[in-house]
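> Line order of the protein sequences matches chains H and G.
Numbers in our numbering are just positions in the first sequence, counted from 1, shifted up by 9.
Numbers in our numbering are just positions in the second sequence, counted from 1, shifted up by 3.
To be clear, the hints were calculated from the coordinates, so they are not data collected in a lab.
Using N, Cα and C, we set each Cβ at its ideal position, and we do this for glycine too.
Incorrect hints may appear among the rest.
Here are the simulated DSS-like pairs of lysine-lysine, each with C-alpha atoms no more than 25 angstroms apart in a straight line [what the hints assert, rightly or not]: (1) H:Lys264 to H:Lys247; (2) G:Lys171 to H:Lys44; (3) H:Lys99 to G:Lys171; (4) G:Lys171 to G:Lys96; (5) G:Lys171 to H:Lys142; (6) H:Lys135 to G:Lys96.
Not everything, but these chain G residues come out facing chain H in the computed CB check (under 7 angstroms) [unchecked claim]: (7) Val68; (8) Phe70; (9) Ile90.
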Amino acid sequence: MVTTIGILTAIAFLFGVLIYLVNRFVPTKVKGIEKTEEITGILPGLNCGACGWPGCFGYAQSLAANPGSISDCKCAVVLQDAERVSQMEKALGISIDASALGKKALIHCNGNSEVIYDYSGAMTCKAATQLLKGYKKCPYACPGLGDCVEVCPQKAISILLDKMVAVIDTEKCAGCGLCIAECPQNLIELVPTGTKIAFLCNYGSLRDIPGREKCDAGCIRCRKCVRACEDGAVEWNKETFLPEFDMEKCSLCLKCTEVCEPNTLADFAKVKTAPPVLLAKFSL
Amino acid sequence: MNELIAIFLSMALINNFVLARFLGLCPFFGVSKKLGNALSMGMAVTFVMTFAAIVTWLINNRVLVPFGVEYMQIVIYILVIASLVQIVELFIKRTNAALYNAFGIYLPLITTNCAVLGITLINTREAYSLLASVVAALGAGLGFTLVLAIMSGIREKLEIADSPRSMKGLPVAMLVAVLLGLTFFGFGGIV
């Protein structure tokens, strides 16, 4: 008994000392690795893989070898953080235009759809949408059971319990896109960071389901947004029966969001300020 | 000499770690999407296995057996392998950038891999000599690399193949693994 404890302690102690000695006395001067390590320090360390490299370290390696590649494969966490961007500029020796590069996830549903039956099955969106396309009146609505909440490495997604809809905190969102594959309703899309107007409806190109019949907050095809826009940035797409936004003409006046009666159009900046009600998975 | 060759072949092909002993299945599916990654992973596993075989043989025969605490094998092996791999990783990182780029990312991943712990426990169970342990570990590592390379080669082709939607990705990889396992069954009669 005492021997066992003694041997185990001795071996653990020995290796502890060994690790310390190696860490302390092996010289750190290695060409190439230093810069990679510096860049790794700036990266968020989430290892989400959105940049296409195996983890943050792999991304740092590629940046160290070719600084210009930051415009091809980018890390949204870095681009949103002014301090990180300036550190990165210093480390890479190039200037970075952050606002032109980043992306954010947006959920195309504002969740006001009426509930048509009590769902008490497995509490995942994937199961809930198998039954009559979900328990809400709109067959394209967010079921709000949090499949996307679970995968988010940034914990940026929360569920609004009164509407049962997922909301993404755009400040926390890193734009990794992991949630896109999780959503059985295909509601989530990556939009550029500079986007001002959020279209919170997922009727898409389906003409046969006029908004009013299905949902209190869906697009009712009133075209007020087209008329309200003074810059001619909103156009009506006659194929899909949906408004389209030309962000280059848009002067960010947000008049279209004010006239939208069902509040399908919203200020993208205000989407994020919706109060997070719940952060973790829950059961009803 | 014949015995060593028999051990090597047995570890590499007949009792292949992935397909016959079902050890190291996590990297078998996780890192077998690209041939380059699979080879790096295989190299790292071979290296760590050989290294661990030597160290655990020494610990077992010089410390555990004389003091009569063989029943602590698993605990002590895990401790020893994990900390040694950390040391080696640190060492490689600071001395050889090319080597670190080749398998630096995979080293910390396999510190607690069951295939690595498996080879050391099998060596101890079979009471191999130091040389035989090293040969067994090399065989096991190379066999692992071989299977990972074959698997990644097939999966690279499967990626562009027209498979049914529900079978894409992991399900079809599982089927491929079954067929691979059956083919490796054919080595059964060699030794």
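> Hint by hint, say whether it matches the structure.
To see whether the hints hold, each was checked on the structure:
About 22 angstroms separates the Cα atoms of H:Lys264 and H:Lys247, which keeps this hinted pair within 25 angstroms; it holds. With a CA separation close to 39 angstroms, the supplied pair G:Lys171 and H:Lys44 exceeds the 25 angstroms bound. Note on H:Lys99 and G:Lys171: the hinted pairing is violated, with a Cα-Cα distance of about 43 angstroms set against a maximum of 25 angstroms. A threshold of 25 angstroms between alpha carbons decides the hint, and for G:Lys171 with G:Lys96 the separation of about 37 angstroms lies outside it, so the pair is violated.
Between G:Lys171 and H:Lys142, the direct Cα distance comes to roughly 24 angstroms. Compliance with the 25 angstroms bound is thereby established for this hinted pair. Proximity of H:Lys135 to G:Lys96 is assessed by CA-CA distance (about 44 angstroms); at most 25 angstroms being required, the pair is judged violated. A cut of 7 angstroms between beta carbons decides the hint on G:Val68: the least distance to chain H is about 12 angstroms, and the hint is violated. The beta carbon of G:Phe70 comes within 5 angstroms of a beta carbon in chain H, closer than 7 angstroms, and the hint placing it at the interface holds.
The interface hint given for G:Ile90 holds, since its Cβ lies 5 angstroms from the closest Cβ of chain H, which is under the 7 angstroms cut-off.
The structure shown violates the earlier hints numbered 2, 3, 4, 6 and 7.
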